[in-house]
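Place chain U on chain D using the hints.
Number of protein chains: 2
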Amino acid sequence: MADLRGPVLVVGTGLLGTSVALACRRAGLEVYLKDASSEHLRTASGLGAGKAYDGQPVQLVVVAVPPDHLGSIVADALRDTDAIVTDVGSIKSQPLAQVAAVAPESVGRYVGSHPMAGSERSGPLAASATLFEGRPWAIAVHDQADADAVRLVTELVEACGGVPLQLTPQEHDQAVARTSHLPHLMASLVAGRLVDAPEEHLALSGQGVRDVTRIAAGDPRLWQQIITANSAALLGLIDEVQGRLTEFRAAISADERGPLGVLLAEGVAGTRAIPGKHGGPPRPMRSLYVAVPDHPGELARLFADAGEIGVNIEDVHIDHDPGRPVGLVELLVEVDRAEHLRVSLGERGWDLHS
Amino acid sequence: MADLRGPVLVVGTGLLGTSVALACRRAGLEVYLKDASSEHLRTASGLGAGKAYDGQPVQLVVVAVPPDHLGSIVADALRDTDAIVTDVGSIKSQPLAQVAAVAPESVGRYVGSHPMAGSERSGPLAASATLFEGRPWAIAVHDQADADAVRLVTELVEACGGVPLQLTPQEHDQAVARTSHLPHLMASLVAGRLVDAPEEHLALSGQGVRDVTRIAAGDPRLWQQIITANSAALLGLIDEVQGRLTEFRAAISADERGPLGVLLAEGVAGTRAIPGKHGGPPRPMRSLYVAVPDHPGELARLFADAGEIGVNIEDVHIDHDPGRPVGLVELLVEVDRAEHLRVSLGERGWDLHS
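Which chain is which? The protein sequence lines are D and U, in order. Taken in order, the first sequence gives residues 1 to 354; the numbers are from this note's numbering. Taken in order, the second sequence gives residues 1 to 354; the numbers are from this note's numbering.
Hints are all accurate, no fakes.
Below, simulated DMTMM-like cross-link-like pairs (lysine to aspartate or glutamate); rule was C-alpha separation at most 20 Å, straight line:
#, chain 1, residue 1, chain 2, residue 2
1, D, LYS34, D, ASP68
2, U, LYS34, D, GLU298
3, D, LYS51, U, GLU298
4, D, LYS34, U, GLU298
5, U, LYS34, U, ASP82
6, D, LYS34, D, ASP76
7, D, LYS51, D, GLU39
8, D, LYS34, D, ASP80
9, U, LYS51, D, GLU298
10, U, LYS51, U, GLU30
11, U, LYS34, U, ASP54
12, U, LYS34, U, ASP68
Calculated from the structure, these hints are not laboratory results.
So here's chain D without its partners, still in its complex pose (with noise of 0.2 Å):
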């Protein structure tokens, strides 16, 4: 029966490595650390990340080196150790396939996962304890998985404060084709109309190319790994936004506002199909509803009202007939903040409809 008590080996200090292994430090764990580089060896070191590993026996290793090196390091912690081994790569069916050739013996002992956290920033200085709270963290479960492995990398992402989801290896690719290589080049793309452009015109930039370019800032070595590793699931994603990009064309062209339309609304709804903060589901609403006088400022005072009492209001809606002085407003809040915010407002005079 697993039961993460450690020592845990991290080889590779990068960032998710180094960010790992404080994750580990802060739940009590041991942790060894394990690296080529010795700068980011002793940097992580340094960070109070762990020790400097010399051989001494493990109970898990977590493997966060590139992927281009991911199945062989993966092979050789198999091989060196009887440690269950998992790794935290972009990409899983590449390195379980590459796990299988060399070291088939094993590879019950090997489930790969993946934090869907990180940054644009890479190595151990940019590491942080927290970087999975609350973050998706994919466990690739195989055929061949021991279900001690797959408990024990539970337990991993979960000291870690991450929220672990189950795919298989190919279902994974398949997702983060979608949800990280496509939005990544797409990044890319944007970011790199921006190179030749003159100064007067970026000083317009706003938040919006900030955002959708921000994770193209990304590592190109590291980047043109994932990418290729995962090329059939993402060639794919290309394919069609080649043709929708095109119907674009066509519309702007044509100033066809009605094929437009459809295509920014598919954009629309897509935004809409992203789950919750963090991975979660959405969280259950409420709905109260506020008679609000229709004098100046008295809109302004209700929302500073509910700003005081402390409870989020997620959505608003206005039922205003022009008839009367009076409008009806709806405040959509958590379900278990409704009844403090109704109780609150109440007492501070305002008038609440069921």
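Coordinates of chain U only, in the frame set by chain D:
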């Protein structure tokens, strides 16, 4: 000599119009509101944005209506008042041409503008007096613009907390095609690919895809107007993107890392071309060098000390000679904070080198 003293008339009480009105009220100006939607007007008034307009004389009219209506509403304002008129629309050439055609005698009183601020939400309830704080705000100065009009619009921008930037209407439209309209299309294409994805795949959505797709949630009816009104500038960029996407596809399909790396590096360069936060110039930095003992936790202690001292570390480099027990850490901080950090770290026993 222009001198913004009000009253200001805001036509259109959506997100932008109501935010301008709230910012003007905060600046102590009298504000009148006008909107075809009585619900929007009452909501904006309820938020304290101003009083309903009833023909009072005004000094400045701010037109904040969708692109399709900009030209005619600006022309109406020039005809109905002798005020200076601006607008806050996303495109500048087309409305100017429309105004010049129907009101050539008063086009000098019209100077369009465009704050680089917004939200994927819309309507007066999403408005805020601080929406424009520190944001670039283009002022589209055309050949026939009165100097007084340019000055008054500049004062409006400053009263709202924005950073005024003068461009010609044509330059503005080319700039926003690159920094706003193309990013919107691409965000929409990425978001569109999520619509039919299985729920367990979408559960892997991290911050990256959220950031890339955020602006795609914008109102399609508004965006189809913006895009078609700026089609000339946008089509050229779409062609560039299609070309690059074809190159990406070929490189991925053939597993050619060289060309793929070049395309990704172009994206990295693009993210660096975006000027510092809020459109200001990059701030000058100074380096401090600190000797850090090679013990676990020492770097963490250095960063904690810098945090307590209250100086933001903008970047860090570590120069570590593996033969020595001490590493030299370079801290980059804003010039005017460097001396305070140097003295304070010295007081805490750190060994600083120059």
